[in-house]
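J.: Just so you know, the sequences run in chain order G, X, D and E. Under the working numbering, residue 222 is the last one in the first sequence; the count climbs by one each step, no gaps. Under the working numbering, residue 668 is the last one in the second sequence; the count climbs by one each step, no gaps. Under the working numbering, residue 482 is the last one in the third sequence; the count climbs by one each step, no gaps. Under the working numbering, residue 316 is the last one in the fourth sequence; the count climbs by one each step, no gaps.
Read the hints as simulated data drawn from the structure, not as lab findings. Hints may be right or wrong, so weigh each one.
Derived DMTMM-like pairs: lysine to aspartate or glutamate, alpha-carbon spacing no greater than 20 Å straight-line [said to hold, decoys possible]: (1) X:K198 <-> X:D334; (2) G:K220 <-> D:D64; (3) D:K202 <-> D:E59; (4) X:K378 <-> X:D514; (5) X:K198 <-> X:D271; (6) X:K378 <-> X:D271; (7) E:K287 <-> E:E165; (8) X:K471 <-> E:E61; (9) D:K202 <-> D:E182; (10) G:K220 <-> X:E603; (11) D:K202 <-> D:D300; (12) G:K220 <-> D:D300; (13) D:K202 <-> D:D407; (14) E:K51 <-> E:E295; (15) X:K198 <-> D:E182; (16) X:K198 <-> D:E59; (17) X:K198 <-> X:D304; (18) X:K378 <-> X:E584.
Simulated restraints on C-beta separations [what the hints assert, rightly or not]: (19) D:P413 <-> X:F429: 50 to 56 Å; (20) G:Q119 <-> X:P78: 54 to 60 Å; (21) X:R624 <-> D:G357: 49 to 55 Å; (22) D:H274 <-> G:Q119: 22 to 28 Å; (23) X:L433 <-> D:H274: 46 to 52 Å; (24) D:H94 <-> X:R615: 51 to 57 Å; (25) X:M20 <-> E:E61: 34 to 40 Å.
What the simulated footprint calls covered on chain X by chain E, stretch by stretch (three residues with Cβ under 8 Å from a Cβ of chain E suffice, anywhere in the stretch; the number is not a length) [claimed, not checked]: (26) 169-180; (27) 414-421; (28) 527-541.
Where is the CB? At the ideal position from N, CA and C, for every residue including glycine.
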Amino acid sequence: MVPPPSFTAQLLNLFAAGLLLISFAMLSQRRTRSLILLFGLQGAILVASTTLVAYSAGLRHLYFSAGLTLVLKVCLLPWILLRLVDRLEAQWDSEPLINIPTTMLIGVGLVIFAFGLAQPISALATTITRNTLGIALAIILLAFVMMITRRKAVTQVMGFLAMENGLFFAATSATYGMPMVVELGIALDVLVGVFILGIFFFQIREQFESLDLQHLENLKEE
Amino acid sequence: MEMVAAPSLTVLLALVAGWMTLGLAGLIRPHHVGLVGRALFPLGALIGLGVALVGLAALRPDRLAEQLVLPLGLPDLPFHLRLDALSGFFLLLQGAVGAGISIFAAGYFRAGEGTAPGLLCLQYHVFLASMVLVVVADDAYFFMVAWETMALSSYFLVTTQHRIPEIRRAGFLYLLIAHVGAISILLSFGVLQGGSWKFTFDAMRGPTLSPAWATVAFLLALVGFGAKAGLVPLHVWLPEAHPAAPSPVSALMSGLMLKTAVYGVLRVSFDLLHSGLWWWGALVLAIGLFTGLFGVVFAAVQTDMKRLLAYSSIENVGLIFSGIGLAILFRAFDLRLFAALALSAALIHTLNHAFFKSLLFLATGSVLHATGERNLGKLGGLIRRMPWVAVLALVGTLAIAGLPPLNGFVSEWLLLQAFLSTPRIPQPFVNMLIPLGAAALALTAALSAYVMVKFYGVIFLGQPREPALMKAHDAGRLQRLGLVWLAAGCVVLGAFPQLALTATAGITRAAVGDAVRMGSWAFVAPLAPGQASYSGVLLWVGILGVVAVTFVLVRRLYHGRVRRTAPWDCGDPWQTPRMQDTAEGFGQPIRHIFGSAFRIDRELPSPWDSAPRYRVQIEDRIWRALYLPLGRGVQRLADAVAVIQGGRLAIYLLYAFLTLIALLVFVL
Amino acid sequence: MELLLVLGVPLLGAVVLALFGARRHAAEVNALMSFGTLVSAAMLVLRVIRHGPMLVWHEQFFIDPFNVFLVALTAFVGFTTALFSRPYMRIEEHNGRITPGRLRLYHSMYQLFMAAMLLALLTNNMGLLWVAMEAATLSTVLLVSLYRTRASLEAAWKYFILCGVGIAQALFGTILLYFAAEGLLGGEGMAALLWTRLDAIKGQLEPTVLGLAFVFLLVGYGTKVGLAPLHNWLPDAHAEGPTPVSAVLSGLLLNVALYAVVRCKVLVEGSIQHLPGRMLMGFGLLSAILAAFFLWRQGDIKRLFAYSSIEHMGIVTFAFGMGGPVANFAALLHMTVHSLTKSAIFFAAGHASQTAGTQRIDGIRGLLVLSPTMGWGLMLGALAILGLPPFGVFASEFLILTTAMRDHPWATPILLTALGVAFAAIFGRVQAMVFGEIEGRPLSHSPALLPVFAHLAIVLMLGVYMPPALAEWYRLAARLIG
Amino acid sequence: MTAAPLVRQAAEVVLAMSLAPLFIGWIAQCRAWLQNRSAPPLLQPWRTLRKLFWKDATLAEHASPLFRLTPYVLFGTMVLAAAIIPTVATNLPFAWVADAIALVGLFATARVFISLAAMDIGTAFGTLGARREMMVGFLAEPALLMVFFNAFLISGSTALPSVVERLAAPPFIIYPSLAFAGVAFVMVLLAENARLPIDNPATHLELTMIHEAMVLEYSARHLALVEWASALKLFNYACLGFALFVPWGLASRDSGPGAVLVAVVALLLKLGAAGAVLALVETVSAKLRIFRAPEFLAMAFLLAVLGLLVHLLLGA
């Protein structure tokens with residue numbers, strides 16, 4: 001009745017690959033709107049993989065977290081962000097600090113690094129989802145790079161959220177999810193964080209007439 | 001508990017507590033000069049005498065060291081106190097000299113600009129108390145606490161007139177160097193405790209460290225205490241801080257505080273490190289001699305009387321340390337008697353210097369009060385307006401110039417005797433070099449006479465260089481009392497050096513296992529009667545006798561008629577006070593001979609200008625060669641570091657990212 | 001029970017103040033709530049002293065000497081800071097820098113922040129620890145941006161992003177930890193996240209995973225400790241936020257973050273001996289030396305002391321890295337005296353900059369003449385933080401330096417340089433501010449200098465006399481850290 | 001102790017006090033002869049002193065007591081020095097009061113006092129003289145000490161009697177180090193006693209003078225004492241030289257009156273020779289510029305140190 005674990009594992013790996021692909025796409029994407037959409041998509045895949053893991057391992061609380069993710073990351077956050085972007089007319093991100101191809105190259109390097117790092121660990125994982133840890137790590141690092149290279153506040157936040165996704169993926173796939181309390185706490189924090197960010201966007205807007213991070217470089221050792 | 005076992009320590013603590021209460025009492029009515037001056041400071045002086053007595057009691061030969069533990073301090077490290085001959089000697093010094101200074105201070109401080117007298121009184125007595133505690137502390141922590149409290153209280157005393165930028169700068173420099181020195185001392189203790197994790201001095205006496213570690217400990221201690229003592233090149237704070245402070249405080253710092261550094265070095269190198277390498281001694285000797293020469297040469301070219309005295313303090317500290325160096329050297333070759341001789345010389349010079357340097361600083365204080373002038377170029381002829389101060393200062397001047405039959409000479413004599421014993425050292429290079437050391441010592445002594453003639457002559461002799469000086473008034477009664485006390489000390493120690501010598505016997509016996517021979521009641525013969533002997537008291541008798549006899553004879557055989565006229569001066573009719581040598585003029589030969597030591601910038605008047613002015617400014621090369629580059633280096637580093645905080649968030653994230661990657665690679 | 005109070009009172013306070021925070025007596029309520037927290041914390045401490053460590057609520061909370069003393073410290077400083085913030089905020093309001101509405105936000109967030117930190121300290125669950133840390137970050141972000149000036153917004157933004165990213169790393173580290181442990185403790189329930197459980201089996205955990213986990217945890221929580229080069233948010237946040245916030249950030253948040261790091265170190269050292277210690281020592285030295293050089297060219301009084309916090313956190317981290325009973329003891333002591341002294345300094349500095357009407361150091365002069373108490377407060381505080389005896393900071397530095405001299409002589413030159421440069425930098429500036437001619441005008445409300453001297457008095461006492469109970473307590477904690 | 005030693009002591013002091021002016025006179029005579037001038041009588045210095053003592057003293061109106069005290073102090077120190085230095089016999093009770101180092105100290109005391117007195121009036125010449133005197137002093141004193149050190153190292157003692165006895169004791173040994181020391185000593189002697197080439201005792205009203213510039217303001221009995229003191233100083237230096245370099249002929253501890261007589265004769269001979277040599281040196285050498293003086297004395301200093309090193313090197 002239960003599909004052969006190998007198949008589940010393959011599916012999971014597929015999702016994982018999808019996530020990685022999306023983070024590369026986000027890394028190369030300039031339009032803020034499509035970034036948000038990509039983020040939503042990432043969330044969706046996350047939900048899928050989580051449910052898959054939950055189903056295959058028969059863990060109830062993972063369904064919860066899958067649902068949570070669905071609500072939070074697929075619907076709520078993208079919706080909020082899109083509205084923000086519309087309100088703040090910040091569709092376009094200006095040219096990133098490092099041009100796209102170079103970023104890609106760095107990204108590839110990081111993926112290799114992450115895999116290499118995860119190899120010994122995933123070897124001793126007990127779950128069927130052993131190899132995904134490396135991918136999660138790779139997603140986190142890529143998100144990091146994205147935050148570094150982007151110039152607009154919104155896109156930086158996108159990077160932050162992508163990183164959060166990576167973490168979530170790591171939690172679900174590698175360890176069958178954290179305990180419920182923790183999940184809730186994390187979700188709450190993310191939500192509040194995003195709200196605060198929203199407030200910030202408006203405040204920054206009213207102070208600096210733009211969300212460009214170049215305005216936020218005045219505090220330094222002169 | 002131990003309270004019973006340590007009577008004199010208990011008394012000492014009571015006295016210290018007395019000082020503290022006096023200080024706090026000052027806070028009751030901070031601005032009431034009468035209370036502070038007429039009541040508190042004299043009481044403080046009395047307590048000082050008590051401290052001196054405790055020290056004296058501890059110096060009795062049959063006396064064993066007392067120990068006491070207070071229920072204070074760190075959990076595993078309560079405050080330990082210990083009173084042995086060495087601490088006793090320094091207690092005697094601090095008490096006796098401190099008493100004189102306190103009496104003087106009673107008549108000195110007055111309300112006005114700067115810190116309120118009451119607060120001053122607090123800081124002053126905390127300063128005294130902390131110095132006393134430094135010499136009885138018997139564990140590293142308590143020592144450091146007392147040591148830094150001393151630095152801190154003296155810092156506040158120095159910056160009494162904190163509205164003057166120079167004084168702020170002086171205070172800052174002083175506390176900075178003091179603190180760095182303190183850290184170095186602390187590290188030295190860290191080595192000394194030898195992994196036993198017990199910071200009591202008892203525990204440190206126990207283990208014999210490996211030569212390498214011992215050397216580290218010794219050098220750290222030397223740096224730390226040298227910074228406080230003003231050894232070149234750590235001396236730069238001294239000529240700034242001493243003039244900045246009120247005169248009694250300068251006296252305390254120069255006469256007492258510098259000596260705590262001497263105490264520290266002795267404690268570490270003769271008590272905690274019970275054996276030493278010979279080159280330590282050579283090093284200390286070299287530094288000491290260089291410091292001495294450096295100090296006296298710079299003193300000779302000063303134009304500010306307190307700066308002059310400050311530099312002369314550097315000189316004397318140098319002499320003391322050369323004595324210590326010799327002692328270490330001799331000990332390393334197990335020449336006990338000579339080690340004892342050198343050590344006694346150093347200790348006695350410490351005592352003497354405390355007396356005459358405080359005396360002179362206080363005298364400058366009186367002059368400062370009477371005239372409001374510190375610049376030698378604006379003084380002169382005060383011997384007629386303020387005879388008391390002049391006469392007492394003369395005693396100090398002759399003493400510090402190292403002239404018999406006063407006390408300054410005795411210690412220099414002992415030091416030279418010690419130098420003369422160096423051929424016994426079985427180390428060819430050392431005893432080849434020692435003669436040069438002796439030469440440097442002799443030169444220093446001779447130069448200090450030069451300096452002191454300049455000091456005394458320009459301030460008290462000649463004609464007043466400013467009309468205002470004619471209104472100068474002599475010191476008040478309390479001030480005189482203090483000066484007389486200190487001057488008497490100089491005379492007595494000069495006449496009966498064997499008193500001081502006996503006082504050091506116990507110390508040297510404990511430190512190097514031998515003591516100098518005592519000679520008779522009138523004679524000092526440290527090595528052997530036939531070999532070298534000196535009698536201060538008979539010299540006094542001789543000189544006074546001959547002078548008296550000559551005087552009487554001249555009067556009897558001839559007559560005592562005197563006619564007062566204008567000075568002759570080779571018949572040169574018009575003479576103005578401006579024709580006499582200025583301080584700069586008096587320093588000129590030194591500038592000429594030791595020119596390479598200074599950084600001189602001079603303004604020579606052109607032949608044409610109507611009002612020709614001559615200005616010369618002497619600077620310390622070491623300041624420019626060492627400290628300014630250091631400051632610049634730090635500045636440059638700071639500028640470089642500041643780039644890190646560039647203000648761009650992406651870069652900050654990059655740092656975090658790279659750190660992460662680096663650590664991951666590190667654990668990989 | 002006490003536990004409930006300790007966590008509940010500040011939460012209640014947050015709610016109450018969120019509702020009525022704009023009223024006239026909000027500040028008093030704030031102080032009152034903090035006092036309640038302090039009392040309940042004291043009760044908790046007594047309980048622990050009487051009955052020893054305790055595990056409650058399905059092991060979700062764990063109180064041992066290590067965190068209970070931090071709880072007491074946090075509650076105390078929280079209370080005094082509340083006392084200080086009363087007149088301070090009044091003056092700010094009087095100067096028109098903030099509105100009553102903002103005051104409400106301020107008060108409730110203050111309480112929330114307290115609650116978050118106490119939770120972080122008390123919880124036994126690494127996941128909850130993470131949640132609490134994040135909550136603390138979020139609440140302070142709003143506090144930092146309270147003035148809504150460009151500078152404060154920028155500072156808050158940087159603070160948020162940097163700490164957010166950092167905390168994300170910490171989460172990944174936590175996940176790895178869980179991942180390593182669940183094999184042994186089972187995924188069900190939260191056994192694999194409970195520190196006590198992990199501590200019990202730390203010997204058997206897989207070294208490679210723990211290594212990775214520790215790296216992420218260190219980078220994550222280290223960002224909040226302000227370890228160089230992850231410190232960049234710290235000076236901005238301290239300088240631009242309201243002074244009470246700077247005080248609690250420096251005095252408490254850094255401690256709590258460091259507490260988290262140390263907890264993780266204890267776990268990781270179970271299977272990897274030297275690596276964590278070395279990392280901590282490295283970070284510590286780097287922070288200390290870099291901060292010292294930053295101090296050298298500071299023009300802003302609050303930035304100055306912010307960097308000094310980085311320096312001291314570096315020293316403490318170094319001490320924890322060295323390990324061993326003496327070093328740990330010293331580190332704990334240093335945490336205590338640093339947070340007391342530093343918050344006291346921030347109190348004095350805050351009023352000083354209000355008096356002078358600027359935070360620029362060269363704009364502040366002659367405090368001693370203008371207001372002796374304030375001047376002496378700042379001067380003594382600075383001397384204390386610079387490690388001059390008889391203040392307690394010296395006691396801990398004494399132990400740390402001597403230990404370093406014996407065990408890691410190579411580190412002492414760096415420490416010596418750091419301390420020397422820091423001394424020159426800070427003392428020169430403080431002296432210039434305290435001494436000299438008067439600049440500035442008296443304040444509209446009487447400043448609260450009682451907290452300053454209360455803190456300094458305690459620090460002074462710790463320097464010359466440590467109550468045996470306290471000492472015993474430190475020893476226990478030090479032994480726990482190992 | 002009995003009275004005998006004290007008597008001997010007193011006799012020796014009186015001898016020194018009486019011989020000192022004669023020695024000055026003798027040098028003046030020799031110089032005159034060497035310069036083909038008619039010589040002043042030998043007793044001339046004594047006559048000058050007598051005359052000065054009878055005159056009325058003239059003081060500058062603002063001269064301080066220090067100024068009046070100084071001549072007595074000078075005279076006192078020099079007499080004391082004469083009492084310490086073994087001129088005729090070595091067994092003097094007072095010789096143990098102060099050793100050679102203390103002797104140098106005594107000379108320094110005298111120098112300091114006269115310089116202070118010179119500054120007291122506050123005239124241009126006085127201060128200038130004082131400054132130069134002190135300069136010469138601080139250069140000469142170390143050199144003198146170094147000279148002594150040579151002798152000390154040989155005799156292992158700083159007490160002059162012991163030194164003399166050790167040096168005079170047979171068998172006769174040549175100490176190469178003493179050769180250096182001797183030259184150095186002569187140079188110091190010239191400098192310290194205001195002789196050519198450092199100072200010119202015969203001149204006045206010259207910006208180059210040192211000693212005379214200081215005593216300008218003195219007159220009558222004060223001047224007499226000062227002059228007598230300086231004569232004694234020269235005499236003392238001469239005797240020191242004899243004691244260190246030609247110690248033979250002195251009466252030792254256990255020797256009868258015969259030996260004393262011999263010693264006196266020997267002393268006279270030595271003085272005669274020394275005076276002649278001094279006169280010769282002064283005649284052949286020209287006065288140095290004041291700032292050549294440091295070089296001159298540094299030379300002396302180095303010679304003495306060289307002597308020390310030679311001694312340590314050769315062990316003799």
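J.: Now, for every hint given, state plainly whether the structure supports it.
T.: Taking the hints in turn, this is what the structure says about them:
Distance hint between K198 of chain X and D334 of chain X is unfulfilled; the C-alpha atoms sit about 30 Å from each other, more than 20 Å. With a C-alpha separation of about 41 Å, the suggested pairing of K220 of chain G with D64 of chain D is violated against the 20 Å cut-off. A hinted pair counts as satisfied when its Cα atoms are at most 20 Å apart, and K202 of chain D with E59 of chain D qualifies at roughly 17 Å. Of the pairs offered as hints, the one joining K378 of chain X and D514 of chain X is violated, with about 51 Å between alpha carbons and a cut-off of 20 Å exceeded.
Of the supplied pair hints, the one linking K198 of chain X and D271 of chain X holds, its CA atoms being roughly 16 Å apart against a limit of 20 Å. With a CA separation close to 49 Å, the supplied pair K378 of chain X and D271 of chain X exceeds the 20 Å bound. A hinted pair counts as satisfied when its Cα atoms are at most 20 Å apart, and K287 of chain E with E165 of chain E does not qualify at roughly 37 Å. Using a Cα cut-off of 20 Å, the hinted pair K471 of chain X and E61 of chain E holds, with the two alpha carbons roughly 19 Å apart.
Distance check on the hinted pair: K202 of chain D and E182 of chain D sit about 12 Å apart at the alpha-carbon level, within 20 Å; holds. Between K220 of chain G and E603 of chain X the CA atoms are separated by roughly 45 Å; this puts the pair beyond 20 Å, and the hint is violated. At roughly 46 Å between alpha-carbon atoms, K202 of chain D and D300 of chain D are farther apart than 20 Å, so this suggested pair is violated. Note on K220 of chain G and D300 of chain D: the hinted pairing holds, with a Cα-Cα distance of about 11 Å set against a maximum of 20 Å.
Restraint check for K202 of chain D and D407 of chain D: the C-alpha separation of about 26 Å exceeds 20 Å, so the hint is violated. At most 20 Å may separate the alpha-carbon atoms for a hinted pair to count; K51 of chain E and E295 of chain E exceed this at roughly 39 Å. Annotation: proposed proximity of K198 of chain X to E182 of chain D is violated, straight-line Cα distance about 45 Å (limit 20 Å). About 40 Å separates the Cα atoms of K198 of chain X and E59 of chain D, which puts this hinted pair outside 20 Å; it is violated.
A distance of roughly 48 Å separates the Cα atoms of K198 of chain X and D304 of chain X; the hinted pair therefore is violated under the 20 Å criterion. For a cut-off of 20 Å, the pair hint linking K378 of chain X to E584 of chain X stands: about 12 Å separates their Cα positions. For P413 of chain D and F429 of chain X, the hinted distance range of 50 to 56 Å is not satisfied, since their beta carbons lie about 31 Å from each other. Judged by the Cβ atoms, the range 54 to 60 Å given for Q119 of chain G and P78 of chain X holds: they are separated by roughly 57 Å.
The beta-carbon spacing between R624 of chain X and G357 of chain D, approximately 39 Å, falls outside the hinted interval of 49 to 55 Å. The beta-carbon spacing between H274 of chain D and Q119 of chain G, approximately 24 Å, falls within the hinted interval of 22 to 28 Å. For L433 of chain X paired with H274 of chain D, a C-beta distance near 49 Å keeps the hint of 46 to 52 Å intact. A hinted range of 51 to 57 Å for the beta carbons of H94 of chain D and R615 of chain X is consistent with their spacing of about 54 Å.
Here the CB-CB span from M20 of chain X to E61 of chain E is close to 54 Å, at odds with the stated 34 to 40 Å. Coverage of a stretch by a chain is defined here by at least three residues with a beta carbon nearer than 8 Å to that chain's beta carbons; for the stretch 169-180 of chain X and chain E the count is 0, and the condition is violated. Requiring three or more residues with a Cβ within less than 8 Å of a Cβ of chain E, the coverage given for the stretch 414-421 of chain X holds, as 3 such residues are present. As drawn, the stretch 527-541 of chain X meets chain E at 8 residues by the rule of a beta-carbon pair under 8 Å; at three or more, the given contact holds.
Hint violations for this structure: numbers 1, 2, 4, 6, 7, 10, 11, 13, 14, 15, 16, 17, 19, 21, 25, 26, all remaining hints satisfied.
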